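Engineer: Sequence:
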Amino acid sequence: MSGAILFIQEDLKITEVQQEILVGILSVMSLLGSLGGGKTSDAIGRKWTMGLAAIVFQAGAAVMTLAPSFEVLMIGRILAGVGIGFGVMIAPVYIAEISPTVSRGSLTSFPEIFINLGILLGYVSNYAFSGLPAHINWRIMLAVGILPSVFIAFALCIIPESPRWLVLQNRVDEARNVLLKTNENEAEVEERLAEIELAAGIGNSGKLEEKAVWRELLNPSPALSRMLVTGFGIQCFQQITGIDATVYYSPEIFKAAGILDNSKLLAATVAVGVTKTAFILTAIFYRQSREKTSSLCKHNWDDCMLV
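Per the working numbering, the very first residue in the sequence shown carries number 1; after that it's consecutive.
The hints are simulated quantities; they were obtained by calculation from the structure and are not laboratory data.
Only a predicted model underlies this, so the values are computations on that prediction, with no experimental measurement involved.
Backbone N, C-alpha and C define an ideal beta-carbon position, used for all residues, glycine too.
Some hints here could point you the wrong way.
As the list claims (entries may be wrong) - Just the calculated beta-carbon pair ranges, DEER-fashion:
(1) L281 x I159: 22 to 30 Å
(2) C236 x A256: 37 to 45 Å
(3) D244 x A187: 22 to 30 Å
(4) G242 x E112: 23 to 31 Å
(5) I259 x I159: 27 to 35 Å
(6) F110 x A257: 29 to 37 Å
(7) A257 x I113: 23 to 31 Å
(8) E195 x R226: 21 to 29 Å
(9) L228 x V172: 16 to 24 Å
(10) V229 x V150: 38 to 46 Å
(11) L180 x V229: 24 to 32 Å
(12) V17 x A256: 35 to 43 Å
Unchecked claim - Straight line, CA to CA, 30 Å or less: simulated DSSO-like cross-link-like pairs of lysine-lysine:
(13) K181 x K13
(14) K292 x K264
(15) K264 x K276
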């Protein structure tokens, strides 16, 4: 949207306020989508929640691509936001529940890699189609977003359901078969299955288990309290730095800096995407503890904000 908005303004003659609403509504709807995604995944499963997210996002992208007016464009943007919220919430959960213990930490970081890779590809597509007429190029830029949903549809035919969700549905044998696909050691599979059953409250009251979790979160031990503050703090301050504004308004920022040609503006945003993705890959494969990596990132973060 960051590059497409330049040409949407030109084609649909939207105001600056409409532009701000169009860009900002995605974050609001993503929040609502992520809140609804938890209950949905418990009801229909992790796998099909990802499928639902893909369908909703695909519908939103299609509506935006064909939008004749700002109002229709907003409807598509709202749908896309809900789909993104579902997807961002469920993907890490699914990976954590299905991956072997030994590789769970690295695998759960992959959603962040692919989110930023997707942002980079969006920048590249903006630049690639910027030379087309203004009434066509932004539509193609937004239509490119449909392609990942198509790949997800094919993936759903291959990937299994989450073993934890299967256990919650009392489909223990199916959960065992899924775990055997990721770990050939039957003893480890049985141990993992027992852990899932214990965590899911099988054999006990599931509601009591859920209440215990909320009680622990709302009245945490000192150690858990420090972990929660650190985790929530990193996520909150990451957003407070204004990274979303940088992602969404990169062309406007570069225009204010003196770059006036649209092609050069969009080429500069590609450089932003490359930098962002490169540093995420560096952080993930950095051979130090998570604590040291977080500390290093925090100091670099402070330096950049001062600059």
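Engineer: Next step is simple, just say for each hint if it's right about the structure.
Structural biologist: For each hint, the structure was consulted:
{"no.": "1", "hint": "L281 x I159: 22 to 30 Å", "in the structure": "holds, 24 Å"}
{"no.": "2", "hint": "C236 x A256: 37 to 45 Å", "in the structure": "violated, 27 Å"}
{"no.": "3", "hint": "D244 x A187: 22 to 30 Å", "in the structure": "violated, 46 Å"}
{"no.": "4", "hint": "G242 x E112: 23 to 31 Å", "in the structure": "violated, 18 Å"}
{"no.": "5", "hint": "I259 x I159: 27 to 35 Å", "in the structure": "violated, 43 Å"}
{"no.": "6", "hint": "F110 x A257: 29 to 37 Å", "in the structure": "holds, 34 Å"}
{"no.": "7", "hint": "A257 x I113: 23 to 31 Å", "in the structure": "holds, 29 Å"}
{"no.": "8", "hint": "E195 x R226: 21 to 29 Å", "in the structure": "holds, 24 Å"}
{"no.": "9", "hint": "L228 x V172: 16 to 24 Å", "in the structure": "violated, 32 Å"}
{"no.": "10", "hint": "V229 x V150: 38 to 46 Å", "in the structure": "holds, 41 Å"}
{"no.": "11", "hint": "L180 x V229: 24 to 32 Å", "in the structure": "violated, 39 Å"}
{"no.": "12", "hint": "V17 x A256: 35 to 43 Å", "in the structure": "violated, 18 Å"}
{"no.": "13", "hint": "K181 x K13", "in the structure": "violated, 54 Å"}
{"no.": "14", "hint": "K292 x K264", "in the structure": "violated, 38 Å"}
{"no.": "15", "hint": "K264 x K276", "in the structure": "holds, 19 Å"}
The structure is inconsistent with the numbered hints 2, 3, 4, 5, 9, 11, 12, 13 and 14, although it conforms to all the rest.
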